[in-house]
Each structure stands twice: as structure tokens, then as C-alpha cells.
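**Q** As given, the protein sequences belong to chains A and B, one line each in that order.
So for the first sequence, our numbering puts the first residue at 1; every next one is plus one.
So for the second sequence, our numbering puts the first residue at 482; every next one is plus one.
Mixed in with the good hints there might be a few duds.
Label-pair ranges, simulated between beta-carbon atoms [as the list claims (entries may be wrong)]:
no.: 1; chain 1: B; residue 1: Arg589; chain 2: A; residue 2: Gly246; range: 50 to 58 Å
no.: 2; chain 1: B; residue 1: Glu620; chain 2: A; residue 2: Ala94; range: 35 to 43 Å
no.: 3; chain 1: B; residue 1: Leu499; chain 2: A; residue 2: Arg24; range: 57 to 65 Å
If you are wondering where the hints come from, they were derived from the structure by calculation, not from laboratory data.
Here a beta-carbon is modelled for each residue, glycine too, at the ideal position from N, C-alpha and C.
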Amino acid sequence: MRRRLAARVSSAWWTALGVAGLDRQRWQGFSPLLRRSVKAVLWVVIGLLLIKFFGVWNNTAFALAAVVLLLVVPPYQRVVIRGFRVGKWIIPAAVLAIAVAYPYYNGSMPQLPIFTTFPMMSTMVGMGVFTMMALGLNFVVGYAGLLDLGYVAFYAMGSYAAGWFASSQFSAQNLRLGAIGVTPGLTGFHFSIWLVLIMAGVATAVIGVLIGLPTLRLRGDYLAIVTLGFGEIMPQIATNGDNLFGTGFNLTNGTGGISPIDPPGFGNWIGHHLHLPANYLTLGTNADRAFYWTVLALVLLTIFCSARLRESRLGRAWIAIREDETAAAAMGIPLMRTKTWAYATGAFFGGVAGAYYASYIGAAFPDSFNFNISVIILVMVILGGMGNIWGVIFGACFIEYLNLEGLPNVGSWLNGHFGPGGSDIQIWHKVLDVPLYEYGIFGVILVVVMLVRPEGLIPSQRRAAEFHEGVHDEPLYDVTA
Amino acid sequence: MADVLLQTFALRKEFGGLVAVDDVDFTVPQGSIVSLIGPNGAGKTTFFNMLTGVYKPTAGRIFFAGDELTGRPPHVYTHRGIGRTFQNIRLFQNMTALENVLVGMHTRLRGNLIEAIMRTPRVRQEEKEARARARELLEYSGLRRKEGEFGRNLSYGDQRRLEVARALATQPKLVLLDEPTAGMNPQETVEFTDFVGRLRSERNLTVLLIEHDMRVVMGVSDRVTVLDYGEKIAEGTPQEIQKNERVIEAYLGTAAVSAS
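Pulled out of the complex, with its shape left as it was, chain A reads as follows (with noise of 0.2 Å):
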């Protein structure tokens, strides 16, 4: 139906232009600079008039829409000095140096249409955060195609294995390595963040490998709802864990929670050599940019590790399971093994992610992991296009910005408009508080990609072809290796 109704708005399109003179044989005939030009001023040109509409033209907004025209329209793809295709890093690079810059022209950004502000930097960390996680989840489900209803469960052990190594939870221990900011005379394990970031990671790959173990051999639907069991275990084990097995052993402080956990920082001595921040904290408003920067180089290194291992060995097999299972344990490939690496390798970066966020707020409280948080990073990964990494920081980054700060920003424009005292036209008289209907919003947005672009926004080659074609995987029920 889709296809159809495209095709139709594409023909009638075309019979307009040839009215113009502009039949589409001449166009074709265009060179790809011109058309990409052409393309992209229209673009533009539609974007300028939509933000006129809403009363937001400024010379910010020229100058944004400067850049855009100068990242999409030049062929960076073909340059190469000596040999090298510097190309393909141009865009990259571009963008990184808009995003490191981010906190400098922050405050001086034009106001946007429906969601006024840009987002502030302590939105931008979690934007950060949740790029990590749903990159995670993307070894697991884009991958290697094991739908995991329970990936909280990793985010919980890295947040909490952040606590354990990072708080004074273990009072009864006095161990310290390099932590920064710990108040003197505190006992309890203090260990330096970035240390505490690979213990959560390894922790977290471990307890991955644990839950991967038993499960994996399921199949499909099944293995989805044991997931969401492990999602729903790991949360009740943090709020029931301060009397383990009635022994008295408290873990997690039950629903109290593990606070405060220590800062990230980098100490005296490197702070005094190489200008990189002492402790975080003693930043003072200058804090979220430091989280910022910190959380942009975790993302990078995530972005690395994803784009690296789906060109290797291992990739493939991931691709290739989810592809055919049988054909691919056919071909060699050990499945158990290779499920379970990419179940440890997406659980590594989760649990990065949710010891960082754990370091960033300085808390972990078991009510804040619960079964909303995997659906989201699932709705993060398949609205940007899963198997695909640049899909998935888009639709993170999006869903992010809009469950911390988004849907705030377009309820006060709505009321500020349509509201009471509306400037505009006054519908309703109530103040409609929007952030109470996310999870419609959340739902409603899905519903639509889903019907109008099963892919996903930005979806990979692959995909793509998936979801119009259809793919064959007769399930034989002899495999469990």
C-alpha cells in the first residue's frame, strides 16, 4: 500500500516538472553534484519557511542552514590525498566538531520551532548515556537477531557494580585506588572511576554470559520472554538485596538505594600536568560539560567497536545467525559460542554506560530500572534502524532528548499557544501536561514508523531489503548447539 501510494505521489510529481520543461530524463541526465545541490536547497530552502512559520528566523538559523548545505552538498566522498580516501572521514569529523564544540554556542542557539531550546548539556549526557546503551543492545538484537526484552538488567549491574566499588556501600572495607573527591575518613571500596568503568564492564559481560548461558538456545518469542524475566529479576534482586538470603549481608541497600557514589576525575596530579579536570564536581556549572565531553569519548569508542567488529570474523557470524541459524551453524559456526560473545559484548557496553550514568547522577536506586527502560532502548534501536550504527545514535539521541527534555519543551510551546491564555487560539482550558502521555507519544511514534518505514529512520543496507522482501528462516527443531 505504501509502495503504491509513494509511486503515485512520485508519477504526479513528475508529470508536473515535464509540464515545466523538467521531464525526468533530464533530470537523470543532470550531474550527481547538481541534483544533490538542488535537492538539498530545497530541503533547505523548505526547512527556512517551516521555522518562518513559527516565527524562529534568524541569522542562527541561516547560519545552520549553512552548514547543513556545506556537509550534504560537496562530494567529500571522492577526495584522496595520496592515496588515501580522506573522503569518508570529512562528514565524520565535521560532525564530532560540532558535537565537541556543542557547549560553547549551547547558550547562543536559536530558539526552535515546538521544542523552543536546544537541548541543556546535563540532557546532552544522557542523550550520551543512551546512545551507548541502545549501541549496546544493537550487537544483541541488529546483529545477531536475539530480541532481549530484559537489557536493563545490564544497565542495573553496571550502575550497581558502580556503587559497590565507587560508594561507601561495603562499610566494613577500606580499600582506595586513585578515587577522587572521597571525603577523608569514609571507608568502603573507593576505586578511581575509569577503573570502576571497566570493572562494571567486565562485571556486567560476565553476568551476560551467565544469563546468555541458559537462554540462548531458545529460539525467537522464547527467548524474548525469558529475557524479560532476567530484565524483571535483575531490578527485584536491587530492592530485596539488603538482607541476602537472610543472612544479613546487605549488597544493595534495598530501596534506599547506593548514594552517594564517588565522581569521575582524573586527580591532582594529571589535573595539574595536563589541564584535564581534578574532580568533576569542584567544576561548578562547568560539571555537565566535563560529563559531556567524557560521555561523547565513551559514545566514540563504542561507535569504533561497533563498526570494527561488523567487519570481522565475528560480525559476520552475528549477521549470518541472523540471517539463517541453520545455515550458519552449517557453515561452522559454533552457535552457542557466538550468540553468547555478542550477548557479553552488548551487556560490556551497557554496563559501561549504567556505571558512568551511576558516577554522573553520584546514586543507584533500584526504581529506576524497570522494564519501561528496555523497551525504550529496544524503540531507540528499531526507530533508528537496527543494525545500523548511525540509526541507532539517531533514534537514541532522539527518544532521549525527548523523554528528559522534548516533550516538557513542546507542552509549555502547546499550552503557551493553544492553552490557557493562549496567545494564539485558546482550545483547551486546562494546563495539558504532555511528559504524563510519553509513553502514548513514545507508542504513537513507533506505530507510525513502523507502518511507514519498517526499517527504521536510518536503516542499513540490509534491512532494508528485509523488511519489503521478507526473509525465509524455516526453524528446524533438532538445533540446540
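Given chain A, put chain B in place with the hints provided.
**A** Same frame as chain A, but now just chain B:
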């Protein structure tokens, strides 16, 4: 007699009450081309699936190159040197032809997770060699210039060829081909028969073939085994099989006589 590469003893598979393969003793000598024939539903593919570990036998034992492999998972069979194709083509549809072949090399490569992330010189070297070998295999199987095509975009004949290339990529000692000429036109079938012969002469492979086309079976096989209702009803050279009354009764009819 030559060395025995693959041997089964009283191999049996039951699905519920149905006996799909009934205590079959079977031998594939090293360097031979053996065909497995039989009417539809005779249990040929089930037998194949047991020989590659996809199905676990209900009873009986499988020996390959002197080792018992009964009950091991499929990747062990592949690792020891049994490569296969599927009756209903099972390519990785959304991977390129080259990637399909590279997946076949999985057990012969060693790069692990950490090495892949670091892209160590060893892994880089290994990948380079693997790609070169994969291209060579594609060319050998008649898929030159198709390496960038997705599996699903290949023509039917090319998909069959790619399945063979992928099976060869596992560096097998024994290749199991499950109805490789199904859907091929007569010209392609002749080419393919020739190709199977070359697999033995050029690559030193042993071939086990399930086939319905009697010209292929009689033209290329050293030995033929006939299954009917899961039972082995005959075994011997193509000439012997053509004259075997039970076989003619069960399956061949006049087709074999006119083909020879």
C-alpha cells in the same frame, strides 16, 4: 579398497512414530563420488541432516575420518571437514556473495573479538588472505564479478553456485550436495556434472550427492545407494543399480534404462 572417509552404522531417525531413516549402514570411500537416490520422502535429506549434525540420530553411529561424531553439534562436523549445500537454497540473503563465502571460512579463521577491535596485523593479514581466497572460490564456481551482489539478487543458478562456493570455503574433505541440479536447465546440468567431476580431480574432494536427475547420477557416480521408506534397498555401481529389480520396482522405472 580405498580408505573409508565416512561410515555410518545402523543410523536411525524417528520423528514421533514415523521412521524416516531405518538403520542404514553406509560407507563413503575416500576420493569417491557417491550418489544417494530414492523416491520423494525416502529419507535422503533427513539422512543428510544427520551426517552434518543438524539432526541428532535416534540411534546409530557416525564416523568421519576415523573419529566418531555422533551427537556433536553441526559446527564440529564442518570443522572436521564436511561441507554441505541445502536442497532449498539457504544463502544468507542479505549478505554479499563475498560475505557468504567468508562466513563459510569461519572455522578456518581465528581472529577473535579483541583482535577484531584492535585489528592486529595478524587479523589484517588473515582477512586479506581470506578475501583473496574467497574471490578465487567465487571465480572457480563461476561467479566472477558477482562478489558485491546480495545473495537475494543473484539468479537461481548463481545462488546454487554460491551455495557450492560457500560449502567449498569451509575447506571440506567431503562435500554433501543436496539436489544441486534442481531447477537447472539441461545445459546447466551438463556443466554442473562436469563441475562435480572437477571437484574430485582438481580439489581432491570426496562428493556425496542427493540427485533426482539420472543422467547426473549415472554419469558421475562411482557408487549409488538407494533409499526407500528410510531403508537402504540397494547399493552398488550405477550399472548394478540400473539392473537391480528392487530399485526399478521402487523408483527408477524406465527412466534409467533410457538414460543409459
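**Q** Which hint numbers doesn't this structure obey?
**A** none
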